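Engineer: Now for the letters of each chain:
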Amino acid sequence: MISVKGLKKHYRVSKRPPGLKAALTALFRRSYTEVKAVDGITFDIAPGERVGFLGPNGAGKTTTLKVLAGLLHPSSGEVQVDGHVPKRREDAFLKKIMLVMGQKQQLLWDLPPSETFELNRAIYEVPRAQFKETISELTKLLELAELLGKPTRQLSLGERMKCELAAALVHRPKVLFLDEPTIGLDVSMQTVMRDFIRRYNERYGATLILTSHYMDDVAALCPRVVVIDKGQLSYDGGLDDLVRRVRPEKRVVFHLSKAVDRADLEPLGQVVSLAPAKAVLQVAQDRVAATVSRALSSLPVKDLTVENPPLEEVMSELFARSRAAREEGQADGESEEGGGEGDWE
Amino acid sequence: MSVRGTLRAAPTLLRVGFAEAIAYRAEMFVWVLSTTMPFVMLALWTSVARDQPVLAPGGARFGSADFIAYFLVTFVVRQLTASWAAWEMNYEVRTGTLATKLLRPLNPIVGYAAENLSALPMRFTVIVPVVVAAGFVTGAAPFPVDPVLWLAFCAAVVGGWLLTFLANIAIGCLALFIQSSIKVMDVYLVLFFVFSGYLFPIQLFPPWLRGVVDWLPFRYQIGLPVELAVSMHDRAAAFSLLAREGVLVVALAVLVAVLWKRGLRRFQAYGG
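Chains W and U are the protein sequences, given in the same order.
In terms of our numbering, the first sequence opens at residue 1 and continues consecutively.
In terms of our numbering, the second sequence opens at residue 1 and continues consecutively.
Since the hints were made in silico from the structure, they are not lab data.
Keep in mind it's a predicted model, so treat the numbers as computed, not measured.
Mimicking BS3-like on lysine-lysine, the simulated pairs with C-alpha atoms at most 27 Å apart in a straight line are:
id	chain 1	residue 1	chain 2	residue 2
1	W	LYS95	W	LYS5
2	W	LYS174	U	LYS101
3	W	LYS36	W	LYS87
4	U	LYS101	W	LYS132
5	W	LYS250	W	LYS302
6	W	LYS5	U	LYS261
7	U	LYS261	U	LYS183
8	W	LYS15	U	LYS183
9	W	LYS5	W	LYS174
10	U	LYS261	W	LYS87
11	W	LYS8	W	LYS95
12	U	LYS101	W	LYS8
13	W	LYS15	W	LYS36
14	W	LYS140	W	LYS95
15	U	LYS101	W	LYS95
16	W	LYS174	W	LYS87
17	W	LYS36	W	LYS5
18	W	LYS132	W	LYS95
19	U	LYS261	W	LYS36
20	W	LYS95	U	LYS261
21	U	LYS101	W	LYS87
22	W	LYS21	U	LYS183
23	W	LYS8	W	LYS36
24	W	LYS87	W	LYS8
25	W	LYS87	W	LYS5
26	U	LYS261	U	LYS101
27	W	LYS8	U	LYS261
28	W	LYS150	U	LYS101
Listed below are several chain U residues computed to face chain W (Cβ distance under 10 Å; list not exhaustive):
id	residue
29	GLY5
30	ALA9
31	ALA10
32	PRO11
33	THR12
34	ARG15
35	VAL16
36	ALA19
37	GLU20
38	TYR24
39	LYS101
40	LEU103
Every residue, glycine too, gets a C-beta built ideally from N, C-alpha and C.
Looking at chain U on its own, in the form it has when it is part of the complex:
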């Protein structure tokens, strides 16, 4: 389908996707409950920083208020950048139901994207209370006043979603080669939890590890948007990090294109 055709179909794709998300609302809320790890981390790290701020190897200091703002925003960013396409693809490849999507003149990857994005309005029902709570608990102090940094935050969230989604699709494509790539996704998730800033700010890593983490996609899925929202970077640093995020998005998009094209040749459309 052409880009214009896809854009014309987008409102219907999103509307139908939203209708499906509403149909699965109970499941969606259970999933949201499973993403409350930032609140656990918030309790843990504020307790660590109760007596004195935590000193990061680079010289940054994290007090209780910093951790509260950091983890509340982490929860919000996780909701905004979530994707579950890898599980969906694995199911559809193994059962052969991907075939019904391949028969349509719409790339199934666009379909997965629409499905994931159309669940966002449901997520706002939990995001908004957390944002309000963040405002009450922390006040305005941790958040940037520079509108450019807010724009950078928005760009980082979009980039974070793209990285998460493309990583899901890349791993989902592996199912076309190895039948099931759920375990690969499990490994990816372990690395994501450790290196994304989801469990603790990546500034707490030793400098040598920071250098590695800066070039892995995980930090840009969660850490970068959160760091921008809690004023951890100035404009120059923000642009530099956004540029890296862009490079990673392009690299993952190329990887997905190659895996998808090659994988489809091996698709066996099991069943029926």
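Chain W on its own, in the form it takes in the complex:
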């Protein structure tokens, strides 16, 4: 469905130091620097797959999405989406895809969302019967009935995002690029959006690429992740596998009936946090059973859970490692340590 080979997108950006003198100098002589937003990434995505793009700010995730959606022309490399070269922006291609940007809107600001839906129906040449069916389905699933007649400017952010998503799906795209679709939304609205996106993928077999800084989005939606850092692909594989490799330890959370000393916990594993009624330990995966058994016999445990470390922490550690590797100029050497199902590059 999606094939990307050696994609590069480099920008020439004018650069000047602050101050009046620099401003005047820049009028006559401007200096430029080349920014490598995407620097030679390669991956393939099968039809119907849900893939999360992860990376710190400025990593090149959104640039990659924009190239895939045909908004940006690549500096070099080959990109194909369902047999189309995106930069040509052929009608047949545009009718198959949609890019939803959490920070940009296509809804007409002063008109109700229903007008944008109608406009998209006309532009995408959606048959009237299919349009009615789609809108009634979207209205039900996203609970839009109350919102369709209100001017967009009067909608809350969450309401607007639901309508944005609905507007993006009027033509039932086969490939959906979602760039921070839940940004700024409260937790319950994030859940609504995630559920809806998963249902859409399952119902229509749509291919889905998601970027988000909310790790819960990625964990809930994407069995596969592609990690991009400084324009380069640093991991491509399963999310669980990524977590296992970056943080092979598990977290054991103990709910206690009375307070314990740190000294009682330290022999069991690394103490992550300790409160009067709760303690969190980090232990190697092969020692979880033994640790639990010892804790149950020696501590006042009311309840316990075994969890993966939070995804945010895993990603912070991954990015910190990449940064360190780059700084030491050893990125290539490090990347070969991965192995297994996922690819470290």
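The hints should help you fit chain U onto chain W, whose structure is shown.
Structural biologist: For chain U alone, coordinates are given in the frame of chain W:
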């Protein structure tokens, strides 16, 4: 989108555009107020011509009644040929919101055209009273009786709108190369005001300057339709001028096509 598809979508584009124009009605009326310069010019030139007609270098004579008819029609033509796509494009390029339009299978230029045209019904609310007033004040005398010249007037208005719109788009496209082309539009507007016949009939220019003005697009945006409506040309002259207008429309359309194609390669879809 194919031409057929675009035509099928056109009624919805225009209807939604009109709904937006109504939503912005206060802003629209303020804009209309800002286009009342022809009335100021009308007062100025009728006062100049009160005692004796103004004699143009080519021998044409403009009396008070001629100026009244000329500037009332100028106001109407300005309303009919208005476009603001350059400002819209500049905003959308700078903020990256052009991206949402580029994702749709409809050329954004068609979208801008529909947006500009769908505001016309609102403009008729100010055009109609001015036309009625023109009829009362001047009588039928200044206007042509030949229906062919009225058809030529209609063609000239369409050409005038196309020139105005395409000039806006061409300047808007420059934003894809230089980030903001609003200042270029400001310069264009200064030239437009001077050379279009908006402030005074171009017949008042010295002959050497007329030769230049005849091959610039400005006159065809306002001056030509107005001149045709106030019977300043016979059929032969009208057709010749319309042909020039056509050449300029084609030239600007080619320029827009080149700038748009090249500019899109440089579009950086800022933000988000």
